[in-house]
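Protein chains: 2
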Amino acid sequence: MAGSSFNFEVHAQDPTTSARTSTFHTPHGPVSMPAFMPVGTQGTVKGLTVDMIRATGAEMILGNTYHLALRPGEEIVRELGGLHGFSGWSGPILTDSGGFQLFSLAANTKITEEKAVFRSHIDGNLLELSPKRAVEIQEALGADVAMVLDHVVALPSPPELVREAMERSIRWARRCKAAQTRTDQALFGIVQGGLDAELRVQCAQQLAELELPGYAVGGLSVGEEPAEMYRILEATVPAMPVDRPRYLMGVGRPEDLLEAVRRGIDLFDCVLPTRNGRNGLAFTATGPVRLKNLQHARDPRPLEEGCPCAACLHSRGYLRHLFLANEMLGPILVSLHNLTFYQRLLADARSAIAAGRYGAFADERLRLLRSGSSAADAENG
Amino acid sequence: MAGSSFNFEVHAQDPTTSARTSTFHTPHGPVSMPAFMPVGTQGTVKGLTVDMIRATGAEMILGNTYHLALRPGEEIVRELGGLHGFSGWSGPILTDSGGFQLFSLAANTKITEEKAVFRSHIDGNLLELSPKRAVEIQEALGADVAMVLDHVVALPSPPELVREAMERSIRWARRCKAAQTRTDQALFGIVQGGLDAELRVQCAQQLAELELPGYAVGGLSVGEEPAEMYRILEATVPAMPVDRPRYLMGVGRPEDLLEAVRRGIDLFDCVLPTRNGRNGLAFTATGPVRLKNLQHARDPRPLEEGCPCAACLHSRGYLRHLFLANEMLGPILVSLHNLTFYQRLLADARSAIAAGRYGAFADERLRLLRSGSSAADAENG
Chain A
1 MAGSSFNFEV HAQDPTTSAR TSTFHTPHGP VSMPAFMPVG TQGTVKGLTV
51 DMIRATGAEM ILGNTYHLAL RPGEEIVREL GGLHGFSGWS GPILTDSGGF
101 QLFSLAANTK ITEEKAVFRS HIDGNLLELS PKRAVEIQEA LGADVAMVLD
151 HVVALPSPPE LVREAMERSI RWARRCKAAQ TRTDQALFGI VQGGLDAELR
201 VQCAQQLAEL ELPGYAVGGL SVGEEPAEMY RILEATVPAM PVDRPRYLMG
251 VGRPEDLLEA VRRGIDLFDC VLPTRNGRNG LAFTATGPVR LKNLQHARDP
301 RPLEEGCPCA ACLHSRGYLR HLFLANEMLG PILVSLHNLT FYQRLLADAR
351 SAIAAGRYGA FADERLRLLR SGSSAADAEN G
Chain B
1001 MAGSSFNFEV HAQDPTTSAR TSTFHTPHGP VSMPAFMPVG TQGTVKGLTV
1051 DMIRATGAEM ILGNTYHLAL RPGEEIVREL GGLHGFSGWS GPILTDSGGF
1101 QLFSLAANTK ITEEKAVFRS HIDGNLLELS PKRAVEIQEA LGADVAMVLD
1151 HVVALPSPPE LVREAMERSI RWARRCKAAQ TRTDQALFGI VQGGLDAELR
1201 VQCAQQLAEL ELPGYAVGGL SVGEEPAEMY RILEATVPAM PVDRPRYLMG
1251 VGRPEDLLEA VRRGIDLFDC VLPTRNGRNG LAFTATGPVR LKNLQHARDP
1301 RPLEEGCPCA ACLHSRGYLR HLFLANEMLG PILVSLHNLT FYQRLLADAR
1351 SAIAAGRYGA FADERLRLLR SGSSAADAEN G
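The listed protein sequences correspond, in order, to chains A and B.
All the letters of the first sequence, read from the start, carry residue numbers 1 to 381 under our numbering.
All the letters of the second sequence, read from the start, carry residue numbers 1001 to 1381 under our numbering.
Hints may contain errors.
[To be verified] Restricting the straight-line Cα-Cα distance to at most 30 Å, the calculated cross-link-like pairs of lysine-lysine (DSS-like) are:
#, chain 1, residue 1, chain 2, residue 2
1, A, K292, A, K46
2, B, K1132, B, K1110
3, B, K1132, B, K1177
4, B, K1046, A, K46
5, A, K46, B, K1292
6, B, K1177, B, K1110
7, B, K1115, B, K1132
8, B, K1046, A, K292
9, B, K1177, B, K1115
[What the hints assert, rightly or not] Per label pair, the in silico range of CB-to-CB distance:
#, chain 1, residue 1, chain 2, residue 2, range
10, B, G1359, A, G73, 45 to 53 Å
11, B, A1012, A, G306, 46 to 54 Å
12, A, E9, B, N1293, 42 to 50 Å
13, A, E75, B, A1347, 33 to 41 Å
14, A, N326, B, G1359, 52 to 60 Å
[As the list claims (entries may be wrong)] Here are some, though not all, of the chain A residues that point toward chain B, as calculated from beta-carbon distances under 8 Å:
#, residue
15, G43
16, S104
17, A106
18, A107
19, A197
20, E198
21, Y318
No lab work stands behind these hints: they were computed from the structure.
The C-beta atom is built at its ideal place from N, Cα and C for all residues, glycine as well.
Only chain A is shown next, with the shape it has when bound in the complex (with noise of 0.2 Å):
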């Protein structure tokens, strides 16, 4: 990455495991990694406004090209000051590349060597999507990272067709590089290639040739079991260049991303933290806690003792009466203060990183985790 505004630092490799720290510098502000990016598809993290994201301890987040471009348009986006200006975060964005949207929200998505056409699941055009065109949208949004467009799978699928979409992901992702007009802008590739390691690899040492200043793994939390996404990541991360910073997209649950940092990943997005908020559902240490259940009715206590977020201010009777009287508040609190657990979960990772023993902070947190998640069970049961 010489010569441009961006730039990988790795702290601390942790002696007995594969996580590492890092510092991503881009030209909005760096990066502590591992970090999780808040994901603001439509140009808002959805209910909060940017201080209040910036005060979850985000530096990053993540905005979905598909939706911006088809509303309000990419056009209208630059005019108004690129997604920056337009959305008020003033630090690191990142925008993904539509590949993800082609297979799981668009309609009737064909895909051929030269483009991907589809419907649009907002009006039903039909509309199309190249791997030029999705790098000249990313450009026109402005973020500091785009990534190439792939094509995604379902998991299962035949193996033919996983590697046919893994070859291809490869060649457009060469010609999304060769499409790249900005210099402010890194382009990361994505590493394809479904259940089989043997194609990841493949895939990753391929992309590897192509130097491109970051790397992510897509087609993953498709549905597969959370071992077959380990077992993947394992097979793959060692294969990605060790200079670059590492990008798992769409993952996970906190144990998805405690797992996910043992081996090797630096970067993360997803939608858990602010969709299971809006639906009253909020993450603690020591597991999920339902706010709509019956017992937090008259329940003093906050989500979390010690947790700084605004949610932790109010009671836990409170949270849920809001969400009973169905008031914003409750999905705007919890999301909130799920978005500052995810982002205290990654601080403390990077702590023990530093200390060197991410291994044995990793277990302790997966069985404080998994202690709750039975609990939560018992209050449904």
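Following the hints, put chain B in place on chain A, whose structure we already have.
Relative to chain A, chain B alone:
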């Protein structure tokens, strides 16, 4: 109010109008008047954290007894710290008595001299509210100011019904005062009498004999013309004690506030800034802005130049996008802006009164607001 934690000081009397500035001291701090209370119906000002409410400049908020008694129930609120501890709002709070909701929201309300019987709008349960019960509930909620239970009638109503409801409201006010047990809660009376100036004056005079620490004008803003409301205020306010805060319940539009302050009103509450905010209508000094209109799509300007609120960090184009994309942040930000607008309007009014030029100030602001109303009409045409 000798010997109590309440105290009302009038600071400045405008020379050419009935406008005045004052401070109302409560156990949870002082309120600079004329003041506007954001409405926190269910223990939350919809969409805003307490920090956000405070950032608008609000010093006192309102809670609705009817709603809180139905859900979660006043005993849960009491257990969780009263309305202050429950909502997290540490400043002054006023609760209404439920009288207005018996008229506007409850089903099959039957009012006798003894009490009101009605069905809950939530679950259809048959419930009762008597003057004593209204005081009991409000003492459990523990606001700084409680309101007497009043009998509100539709306007227009037959003169006999208006008189009967007014006279009952006086008898109920006496029963409320007799039922009061807390000494750290001020009980305000409510002047009724419909659009009959003579009835209003009679009511105000008879309530004054109760020597309550504050008085409200109730039963207005129920569909009558603004000019009718102003006429009633002109007749009623002079009959209200000069050394007590005068509260106009449930009012209103920015122009109503300006006209009511001119006629001697000190305190307001209204759902307009938050309800309109949720629907994408923003108040500005030059009239309302309907954010969903196409003309705002590429507008880089904030809602209002110089406004310090979090919404005005953004472009109108961004705010419009939030509403079209159905994002919670739209209602949040425009509620915040509208409440900030109301607080700034009253802060400016207080300065103008202190400077002895309220009449000219109000005229100028009304002219500006009307200039915007025509613009808003044009943009709808």
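Here is what the structure says about each hint:
{"no.": "1", "hint": "K292(A) to K46(A)", "in the structure": "holds, 20 Å"}
{"no.": "2", "hint": "K1132(B) to K1110(B)", "in the structure": "holds, 17 Å"}
{"no.": "3", "hint": "K1132(B) to K1177(B)", "in the structure": "holds, 9 Å"}
{"no.": "4", "hint": "K1046(B) to K46(A)", "in the structure": "holds, 16 Å"}
{"no.": "5", "hint": "K46(A) to K1292(B)", "in the structure": "holds, 19 Å"}
{"no.": "6", "hint": "K1177(B) to K1110(B)", "in the structure": "holds, 23 Å"}
{"no.": "7", "hint": "K1115(B) to K1132(B)", "in the structure": "holds, 9 Å"}
{"no.": "8", "hint": "K1046(B) to K292(A)", "in the structure": "holds, 19 Å"}
{"no.": "9", "hint": "K1177(B) to K1115(B)", "in the structure": "holds, 16 Å"}
{"no.": "10", "hint": "G1359(B) to G73(A): 45 to 53 Å", "in the structure": "holds, 49 Å"}
{"no.": "11", "hint": "A1012(B) to G306(A): 46 to 54 Å", "in the structure": "holds, 48 Å"}
{"no.": "12", "hint": "E9(A) to N1293(B): 42 to 50 Å", "in the structure": "holds, 48 Å"}
{"no.": "13", "hint": "E75(A) to A1347(B): 33 to 41 Å", "in the structure": "holds, 40 Å"}
{"no.": "14", "hint": "N326(A) to G1359(B): 52 to 60 Å", "in the structure": "violated, 44 Å"}
{"no.": "15", "hint": "G43", "in the structure": "holds, 7 Å"}
{"no.": "16", "hint": "S104", "in the structure": "violated, 18 Å"}
{"no.": "17", "hint": "A106", "in the structure": "violated, 17 Å"}
{"no.": "18", "hint": "A107", "in the structure": "violated, 19 Å"}
{"no.": "19", "hint": "A197", "in the structure": "violated, 40 Å"}
{"no.": "20", "hint": "E198", "in the structure": "violated, 42 Å"}
{"no.": "21", "hint": "Y318", "in the structure": "holds, 5 Å"}
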